[in-house]
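Asker: Residue-level listing of the chains:
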Amino acid sequence: METREILLGNGAIALGIVESACQVVTAYPGTPSSEIVPEVIRFVKAGGFNTYVEWSTNEKVGLDIAFAASISGKRAACCMKQVGLNVAADSLMSCAYLGTVGGLVIISCDEPMPHSSATEQDTRFMAKFAKVPVLDPSTPQEAREMVGVAFSLSEEFKVPVILRPAVRVCHARQSITYRPMAEGKRKADFGRNPDRWAATPRFRLTLHAELNEKVMEIGKTFDGLSAHNFHDLEPGKKYPLGIVAGGVPYAVLRDILREEDRTDIPVLKLGAPYPFPESLASDFLSACEKVLVIEETDAFIELLIRDCYKVLGRLTGHIPREGELLPQIIHRKVSDVLSELGQQPLKKDEFAEAMAVVNSLELPIRKPTLCPGCPHRATFFAIRSALPKAIITSDIGCYTLGINMGAVDTILNMGAAITMAAGFYHSFAQDGVAQPIVSTIGDSTFFHSGTSGLLNAVYNGAKFILVIMDNLTTAMTGMQPTPALGIRADGSSGKAVSLERAVIGCGVEFMEAVDPYDLEKMNEVLKKAAAYVNDPGGGIAVVIARHPCLIAYREKALLKKKKISITEDCVECNFCIERFECPAIFRDQELGRTSINQQLCSGCGVCLSVCPTGAIVEAA
Amino acid sequence: MNTINLVLCGLGGQGILFMTKALSQVAIQKGYDVLGAETHGMAQRGGSVVSHLRLGDVQSSLVLPGSAQLVLALDENEGYKNLPFVAPAGRWFVNISSPSFPGKKVKDYLDVRGIQCRGIPASSIAIAMGEPRSSNLALLGYLSAFGEDPFTYGDLRLAVQQISPDRMREKNIEVFEAGFKRGIDERRSVRRA
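For the protein sequence lines, the chains are G and E, in the order given. With numbering that gives the first Met the number 0 applied, the first sequence covers 0 to 619. With numbering that gives the first Met the number 0 applied, the second sequence covers 0 to 192.
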């Protein structure tokens, strides 16, 4: 392996994990965290280490496994996106009380904006909620170093530690210099201690007191954690304004102040913001008349400072309360605060004028769409055709994009397609209304958190159609295998868990699998499923719409490519463009006709059955 | 070394990541510290894709608008959207699809700031060579013809060779060369005029 390589932030985190001789790594994929596990596997294979790495079926499962490894004395890491930590919250809260033996590091990746997440939640609050330390890196290199710090802290204080890199760390690329890596050699050794590891409520109070003690101690440690918590005050000097920043905003601020040569503005960087380094912050605050806090994704440090007269930030409206703090926003806000305090502002930003020019061009907005040939498109089209009056509950994955086809009515969280369908059923059934309901969920999401909802729906007598959109991969997050494939994270074979058997195991009595590319058959199965649901003796009908993802399986997903063209029979009704929404079908402005973009067309041929006038044909 | 800021943009599937890798490869071999930011996840499904690349002693992976010495666009509209990143006297290289590029309003803006604007029909070139997905290589080759340090022809060509998968290497170099030739021809005709 070369000594220096450009790594993704998630690669740098993976490197930190392997360098720390971590022996057990678990994760559920989710943007922006998904690349950590594949990179861990790359380093582990290169080193020939016997590190155990798994894609867990969900984040709670993953954290439980990592926790057991920790109390067996081994170092363990569990990786997820920020909303995944909600799923694992039950574990997190409890394991904070129980404590750790081997270092336990939870990596929860935040996503301001949110580019591909349900919320802009700030993992630092989850850390405080659970009373565990949290580290907030500014760069991939710092994230790598912080993984090591997190393992040491976890072992020193016997507490799980959270690393919360934001998307601009996870998906940054940086040149990183390698250091030697070594295999973890600890042997599993579980010391039975039911008062701790099986603590009943009586002992939990003691454990809570212990945890509170740890929080106080770690706060003091963070006062002196000078590699990640530091300021550049000159002794004895007073300043009209100081800035407190952590995470990605610190990196942005640091570059802006250097570029503008503003050494007159002191900065307190807090890479380890909780437990709050009270004494370090207090030094900084007493030297500055006002303090501006710049942090993502929410006001966290701003609340912990507890001096509402001195502090400016999100709560005072000086920093935007939502969205990503892009460099241009930080530049403008810092400049505004300087002006407000009668200080010299930053240099004028000249890009405002460019923005005005660009806005005047009225450029089309490119929204994400399902790929050409995506089997989900065929499934959604069939559902809309067969059951036009249905409420369609959906879930988290590529198929969220079915919203462009008018085929998605609700998205709540992982697994909610099924639970919400049950909720709709009971709400309407209570009024005696037979509302058609179709629940749509992907294969990986079904395994993540669909089964408990399905079991509940069957048990409580809900009636709806559940379409499991089985594309034989976890597509949105980068083609990780699902339990049904029997392929494990490192490519080795595991035991394949049949989707059909899981469905039947939940008590479902109607189940049919169909290839959605065959729209006619799909339509027929959906009608049959609807009849079963409506039958007084019926229940939940499961339709497995199975066709491999074209991106994951390429030519194997498309045995015969069809060349598509549009004939003179086209009446320009726009039905295909609006309802089928394939990127390869477009309106050619020059010709004034609906046309096929042959570069984009996958040749799946599903559109052949879509046109009301039969104008979409297979070219000879 | 001074900081060099680049922004690469286009649409999902156009190979922005490959271009970013090629440029990073050149930079790292010339001793630069490299930091960049990418688009992943939802936004990749046919949406706009932007990649930032910063060379030098920096910590933020994102480029401040108005400070990129070079913006490379694989799609004309995405090129316009990212125009605010171009620094005064910076360079704006765009894969063009319309004859009216860049239009009067934009041209006025470019002239006032001394921005160097260059358009190449990279998609047409790639399609004509039977490689419709390789417009990124045509644009890279074209850029190398105006090779300002650190992105000179020889180094970029070598990087493309190094990072191309085996089955694509030969074709990639062909399209890269076609873009390069287009750039060289333009430079010659300017000199003659």
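Derived from the structure by calculation, the hints contain no laboratory data. Among the clues, some could well be false.
Stated by the list, open to error - For lysine-lysine, the following DSSO-like pairs were computed, each having C-alpha atoms within a straight-line distance of at most 27 Å: (1) Lys170/E to Lys347/G; (2) Lys170/E to Lys555/G; (3) Lys106/E to Lys561/G; (4) Lys332/G to Lys347/G.
Here the structure is a predicted model, which is why all the values come from computation and not from measurement.
Asker: So, for every hint listed, does it hold in this structure?
Answerer: Structure-based check of all given hints:
Under the criterion of a C-alpha separation no larger than 27 Å, the hint pairing Lys170/E with Lys347/G is inconsistent with the structure, at around 46 Å. For the suggested pair Lys170/E and Lys555/G, the alpha carbons sit about 24 Å apart, so the restraint of at most 27 Å is met. Our distance criterion of 27 Å between C-alpha atoms is broken by Lys106/E and Lys561/G, whose separation comes to about 43 Å. This hinted pair checks out: Lys332/G and Lys347/G have alpha carbons roughly 12 Å apart, not beyond 27 Å.
In the structure shown, a violation is registered for the earlier hints numbered 1 and 3, in ascending order.
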